[in-house]
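Peer 1: Residue-level listing of the chains:
There are 4 protein chains.
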Amino acid sequence: MSNSFGKIFKITTYGESHGVGIGVIIDGCPAGVEVDEVLLQAEMQRRKPGQSKITTQRKEEDEVEVLSGIFEGKTTGTPIALSIRNTNQKSKDYSHIKDSYRPSHADFTYQEKYGLRDYRGGGRSSARETAARVAAGAIAKMFLQKLDINIAAYVTQVGSLKLDKSYLEMDLKKAEENIVRCPDPEMAEKMIQHIDETRKNRDTIGGIVSCVIQGTPVGLGEPVFDKLHAVLGQAMLSINAVKGFEYGSGFEGVKMYGSEHNDRFETEDGKVKTATNHSGGIQGGISNGQDIYFNVAFKPIATIMNDQESIDKDGNKVTVKGKGRHDPCVVPRAVPIVEAMAAITIADFLLRAKTNKI
Amino acid sequence: MSNSFGKIFKITTYGESHGVGIGVIIDGCPAGVEVDEVLLQAEMQRRKPGQSKITTQRKEEDEVEVLSGIFEGKTTGTPIALSIRNTNQKSKDYSHIKDSYRPSHADFTYQEKYGLRDYRGGGRSSARETAARVAAGAIAKMFLQKLDINIAAYVTQVGSLKLDKSYLEMDLKKAEENIVRCPDPEMAEKMIQHIDETRKNRDTIGGIVSCVIQGTPVGLGEPVFDKLHAVLGQAMLSINAVKGFEYGSGFEGVKMYGSEHNDRFETEDGKVKTATNHSGGIQGGISNGQDIYFNVAFKPIATIMNDQESIDKDGNKVTVKGKGRHDPCVVPRAVPIVEAMAAITIADFLLRAKTNKI
Amino acid sequence: MSNSFGKIFKITTYGESHGVGIGVIIDGCPAGVEVDEVLLQAEMQRRKPGQSKITTQRKEEDEVEVLSGIFEGKTTGTPIALSIRNTNQKSKDYSHIKDSYRPSHADFTYQEKYGLRDYRGGGRSSARETAARVAAGAIAKMFLQKLDINIAAYVTQVGSLKLDKSYLEMDLKKAEENIVRCPDPEMAEKMIQHIDETRKNRDTIGGIVSCVIQGTPVGLGEPVFDKLHAVLGQAMLSINAVKGFEYGSGFEGVKMYGSEHNDRFETEDGKVKTATNHSGGIQGGISNGQDIYFNVAFKPIATIMNDQESIDKDGNKVTVKGKGRHDPCVVPRAVPIVEAMAAITIADFLLRAKTNKI
Amino acid sequence: MSNSFGKIFKITTYGESHGVGIGVIIDGCPAGVEVDEVLLQAEMQRRKPGQSKITTQRKEEDEVEVLSGIFEGKTTGTPIALSIRNTNQKSKDYSHIKDSYRPSHADFTYQEKYGLRDYRGGGRSSARETAARVAAGAIAKMFLQKLDINIAAYVTQVGSLKLDKSYLEMDLKKAEENIVRCPDPEMAEKMIQHIDETRKNRDTIGGIVSCVIQGTPVGLGEPVFDKLHAVLGQAMLSINAVKGFEYGSGFEGVKMYGSEHNDRFETEDGKVKTATNHSGGIQGGISNGQDIYFNVAFKPIATIMNDQESIDKDGNKVTVKGKGRHDPCVVPRAVPIVEAMAAITIADFLLRAKTNKI
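Residue numbers (this note's numbering), protein chains in the order written: chain A, 1 to 358; chain B, 1 to 358; chain C, 1 to 358; chain D, 1 to 358.
These are calculated hints, taken from the structure and not from any lab test.
Do not rely on the hints blindly, as some may be mistaken.
No distinction is drawn between identical chains; accordingly, a pair holds when it is met within one copy or between any pair of copies.
[Unchecked claim] Derived DSSO-like pairs (lysine-lysine); straight-line CA-CA distance at most 27 Å:
1) K323 x K273
2) K317 x K271
3) K323 x K200
4) K59 x K354
Same shape as in the complex, but just chain A:
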């Protein structure tokens, strides 16, 4: 009941961190999308572990095998199954947590919910699951590209280091030029240093990923519960370690007066646009054709390399050792995941919008 997302362009993921593998079925992708498997693999590289000194050192090639739904380079309208084998799982690394509840992890809640759990590397609760989302997101992106819709995510905060520039003032492509994925090179340097120090302290730190979606047509999103930003919000909040979501003026918008906040409509070359964009490209839950932008807050991930006190299944006090290979800060690798979930959400709403009128 929980492992699917989307209503028409619908993904279902499976797999555990240290099982045979993970993967995803995309059901509802329209026929005729040209699939570039090189691009698909390139997206995987952006998320994969071990890509730099500030990410986990687990090595996974994350090679995607296409099992169905693509024929002669195009989607056929039938389910697209994408499979990724786990190759570098070191299960014995995790025997020490078989009966212990790591602080702020899902060990306790899974155990209570299901009565048993695959404790190896967090099992299903591991962020490894997001590799499947990136694979599905790559297909969604190929669909969006045809329609000239572009999605760009990037890092705007690490700990207290905050980039106070609008996306309009920067070249977002530069985000991919450094390992922290911040489009401002100077700030990027500071962030990298901060993460590296945190890593050396055997600790972790939080951060913010921002995202801009450009080129969406007017009319995506549904009036009430499936407002475009509500579903984008769920999509983002469903990513591991996310604690908050805001779009457009966001939490800061609270302080504004309506007379300041309202976006005046005007026309430009016969097209309706707004003079400002506090709405974040969404009005009444429906895209208005302006840029959609939002922020996603990530907490410091729970696995730290220092010892921590906790309890085991029977309530006994235990010391949880800092073992395994983990990210000191999740945001650099979260960038492609945010993009993937945004792409999947937009793809779904594009298809839903086809049924608005007779």
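Based on the hints, put chains B, C and D in the right spot on chain A.
Peer 2: Quick look at chains B, C and D alone, frame taken from chain A:
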């Protein structure tokens, strides 16, 4: 495709601001919930317009008629239909916006999406729809009460006036003792004044509603896309005028180190608890039995009483007059709506959790 | 979880036989469908009780009130709520069955499933619920009419009286000219007599409704679980008293060889057609543009006017008296219900088909 | 939108006849079901091709690999992914039908629906997809076994050869003792001969599979659209080549009077039962604890070994050669598929029923 929320405890709302009426069907409420129709009506009173000088002066009794699903004071397991007639709609108030696009309203996006729209009072995009949610939420609350789950929402910010106290330091019941619904009487007074001034300036202002859910069992929420906080996030973001959602440590948690942020497990009277609660009662998307708390950011609502420039359907410049009856600040009346959506979400997850194990 | 049907054009019904009323929400009807409320009411007349000597004598006007979703004569894309008040419920008629389980009724199963039940007139299990389907079906029909899709149901069997003519040999419009709704006037006469005799014997008898759908485009239906005929089958089997469904060659097709059964493709005026139509217009679960036809088997309804032995809630033997007002044969009034469910199914698949290709 | 079945115990299948492989994700299986992989593989053997002289000679081992969701021999509550590689696909066998539309196949409808198709062996429309259902059904069966629910399907008709015995008069286990899967040895012999002759004539023939479900608790099924028999009907009609479904008295019940058809309630050892079972174990759409039984009609499959006239994509006349390896009669191999779909349906309703009452 858009007017339902929930997977087992599922609500579907209908109705426009100035049509015959609005309402909701609850499908999937278990049989045997005792329904107190007085309590149901009392919840409606908390949301209804015209309740104080700082809310809209539209008068609606919002009387709920139960059409089905309740027999001899108990739910029967069949759909519960709740109907609310519109009585005080003044449709002629809206003829001036028939062809105009009000700034930051949904007029433009609805028109483009559907090719036509019920322009009277915003039609389906009006926050009047939330009355149906409050009615459904009242039934959900009666279900939760049986299980000793309690939900309390209250106002913590209006404009820049921010209440910097934890919910643990306050008596939340006091929120209902003042018209702005802030549990701190002193701050409440300031907020009321601020809203009243804003109203006199024919303007509007934003605010934040906070919410605490106490008494939930361990195990609510699903591992991946339907994480408890992700669905709560969608629920809140689906409320009119909401721009952001954060839970637990939220956006502030970004600045913390893992070693600070992690919540140490311990036992108390044989029950597992955590020493701190940055997790906001949710770990790996699943409730851990601690308090769940979150913030919801509301923008200043778009309808202001001053004139505004805009365009009409044909792209001509027009002046939108500030007519109609509207709230200068949405948060006091949003409190019961936040509670309702929280109750519906928890009710749904309670039922979903019944199927976790054989 | 059970009171909705359809994935895009989605209906949710509510209401009990002897409660305040019944109704339906249609969510997902596209904007721009012209709604003729006279036609809507006319459909209700075809199903309503008391229309002839061979139907129940309960009098219900079944007047439909449109609560939302239609503005200036057109659907707006928002939920369409249709409400029908119960006016002639005689609840005291049913006090005698409060604790008894009527043979082959749902009294026992509801009681066990939910722990309580609205026993008045069968409550939710009453065929009265189908009035809401007919109302929703009328809207679906208006959508289909625009696309020149036509649906015609009619009676082909009552007890052992079977009409052995293909729909191609008859003028189906004649079905509406007699009270049993059989397009063959001679057979109709026999059927009416048979039903009338059965009624006089205080008994009931079964029958078959056949249905033809003409004018559907190629491409409706989904490859695997939601094959067009599989969902049509569910739709028909969900109607009260239905025991079987077959389409195209049906159960008789079992006896044929592939060489006889296969429908040869050919072209006519540049359009692909088949020489025969054992496929019933559906191949691989997808409409091929030929006529879709199917049969729906109805059992004799369970309420008979003679006394029957049974048990009560505590297992004591009781005699169930033949009281109330009921149909001696359900098929004449089932005709518009079959059409309604077919129309809703086709409407849903028309919308789903919009998302097949980029 | 089409490749999933079930609401809580939900399966999603993928894969084409001649692609890399096929498979299924089961989402919503409760944690704690003991999985016997030997039994799982044994079920696959019952469906696999090449098992006798009266089935297709395609050789597929249909080995199932468990990719996720099972840990230390038990389901974990997370998605169970089952993968089956295609090993014996002979794609060149199908180049002759790349542009031709085989009579009564899905070539034409897929091509029109999607604008392109994987023509190799029918692609997604091939009955090869049902192997994934059998794998999922095996897991469902293990869940049901715990609850002592038993499902038995068997062949009751081949062409005009009809077994006129009730399941109560036979030992259904004997069905597995012969290659046609008919529990009556004498009739089995005749059926085998009939199929073999048909095969020699390079033709195909239809048949009927009957099924009995014993041991279900009272209360499965939902009141309105998801009546137990309606969803069972969809499940069966979704199997390739199925043309009809009937349960309980079925099409024959049409001829009966209510006074004959009604099943009298009585008690036995304090348990409620019915004297007869024309209801087929389902009343008002909900199981009443008696045996559930139904029939599924299969047409003669479309692939015959004789040449057939048809057209190609451009409307030109072509002769379709009878190549490939196919079943002369589908029913022997359909038996485990019918059981699998029944098991999945019952598993889903068992979980749904957990939420009926508080």
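Peer 1: Indicate, hint by hint, whether the structure satisfies it.
Peer 2: Cross-check of the supplied hints:
{"no.": "1", "hint": "K323 x K273", "result": "between (53 Å within a copy, 24 Å between copies)"}
{"no.": "2", "hint": "K317 x K271", "result": "between (65 Å within a copy, 13 Å between copies)"}
{"no.": "3", "hint": "K323 x K200", "result": "within (14 Å within a copy, 61 Å between copies)"}
{"no.": "4", "hint": "K59 x K354", "result": "neither (42 Å within a copy, 38 Å between copies)"}
Hint violations for this structure: number 4 only, all remaining hints satisfied.
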